[in-house]
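Line by line, the protein sequences are chains A and B.
Every letter in the first sequence is one number past the one before it in UniProt numbering, and letter 173, counting from 1, is 173.
Every letter in the second sequence is one number past the one before it in UniProt numbering, and letter 63, counting from 1, is 63.
Note that these hints are calculated values from the structure, not bench results.
Hints are supplied without guarantee of correctness; some may be wrong.
What the hints assert, rightly or not - Partial list, computed: chain B residues near chain A (C-beta under 8 Å): (1) 48; (2) 50; (3) 51; (4) 58; (5) 62; (6) 65.
The C-beta atom is built at its ideal place from N, Cα and C for all residues, glycine as well.
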Amino acid sequence: MAAEQGKVDPMHQFTIEPLFGTDHWSIAGYSIPFTNSALWMALTTAVLLLFVVGGMKRELVPGRWQMAVEGFTGFIDNLLAANIGPAGKKYVPYIFSLFMFILFANLLGLLPLMLVGVHPFTPTSHFTVTGVLAIMSFAIVLIVGFARHGLHFFSLFVPHGTPWWLLWLIPIIELISFLVRPFSLALRLFVAMMAGHVLLEVLSSFVIDSANSGALWGTVVGLPSFLLMIAICALELLVAGIQAYVFALLTSLYLNDAENLH
Amino acid sequence: MEPASAKLIGAGLAAIGAGMAAIGVGNVFGSFLESALRNPGAADGQQGRLFIGFAAAELLGLLSFVVAMILIFVA
Chain A
1 MAAEQGKVDP
11 MHQFTIEPLF
21 GTDHWSIAGY
31 SIPFTNSALW
41 MALTTAVLLL
51 FVVGGMKREL
61 VPGRWQMAVE
71 GFTGFIDNLL
81 AANIGPAGKK
91 YVPYIFSLFM
101 FILFANLLGL
111 LPLMLVGVHP
121 FTPTSHFTVT
131 GVLAIMSFAI
141 VLIVGFARHG
151 LHFFSLFVPH
161 GTPWWLLWLI
171 PIIELISFLV
181 RPFSLALRLF
191 VAMMAGHVLL
201 EVLSSFVIDS
211 ANSGALWGTV
221 VGLPSFLLMI
231 AICALELLVA
241 GIQAYVFALL
251 TSLYLNDAEN
261 LH
Chain B
1 MEPASAKLIG
11 AGLAAIGAGM
21 AAIGVGNVFG
31 SFLESALRNP
41 GAADGQQGRL
51 FIGFAAAELL
61 GLLSFVVAMI
71 LIFVA
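Chain A with its partners taken away, still in its complex shape (with noise of 0.2 Å):
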């Protein structure tokens, strides 16, 4: 937190800092240092790793374990069903990587480990990791799409039952539809993400300065803030949960316009 005139910064928890290797690690004259955001993606790596392995003891009558990870398996299983029908069989384990690493990244970026000194960071708050997750789906489906369909493909772009006298225009307006999907994918879940880590920061704000402007101020606009806080809490939790949802689902709808046109 910026410390300028006792003012709380809430965009500082966004920055990107570099670790180690800042010096000599380069790429084509690009500096790629192992920044706060990769850590905290190895991180969320490794406890999606530790998750999905411990609960891959295959036994015949599950434990708790193996039915938390079973749960969520059969969960993008029956969304991958209800939404592709058979055909989506292949895509869980590409949705399930996917809704898993951005709920892990969101859950581990609330955690308040501020109490240990360590600073939290949510790489799901920033546009170019959300970004490349949504260019991922979406190339997965042009590369399905022109793979199973051809140049059948674009059939996509004029629906079933268009007049023809709208022929000129309803492609040109369903391919802008198309084209913003992964703008609106990648564009959601990061602000959902950073709004939500803004609003918590500000409020945290209200508490510090009216507790240090003293004891009136402190019980008027301090303590509703904080309680407020507390609520806030919870709601992210909730955002974090559905974003994760939502970018699984509206990936699984991308998909079957992919496999099935419509």
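Position chain B relative to chain A; hints supplied.
Positioned in the frame of chain A, the structure of chain B alone reads:
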């Protein structure tokens, strides 16, 4: 008007969009709940569509947040 103050006023006006998105999201969940209570049997099958509607309504509100951020930090 000074450009800097105009920027901040514009960013504040963009917050109206967030409120409008709140109406939209509330409408999505409210209508879902209303009809889910009429026919609880069909409610579970519509959850995918519920979240698609939620995502569409929410995105437009998030865009207003992006507009505010661009006005404050980029423009």
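Hints and how they fare:
For residue 48 of chain B, the interface hint holds, the least distance from its beta-carbon to any beta-carbon of chain A being 6 Å, beneath 8 Å. For residue 50 of chain B, the shortest C-beta to C-beta distance to chain A is roughly 10 Å, which exceeds 8 Å, and the interface hint is violated. Residue-level restraint check for residue 51 of chain B holds (minimum Cβ-Cβ distance to chain A is 6 Å; threshold 8 Å). Taking 8 Å as the C-beta cut-off, the interface hint given for residue 58 of chain B holds, the closest approach to chain A being about 7 Å.
A cut of 8 Å between beta carbons decides the hint on residue 62 of chain B: the least distance to chain A is about 4 Å, and the hint holds. Residue-level restraint check for residue 65 of chain B holds (minimum Cβ-Cβ distance to chain A is 5 Å; threshold 8 Å).
In terms of the numbered hints stated before, the structure departs from hint 2 and from no other.
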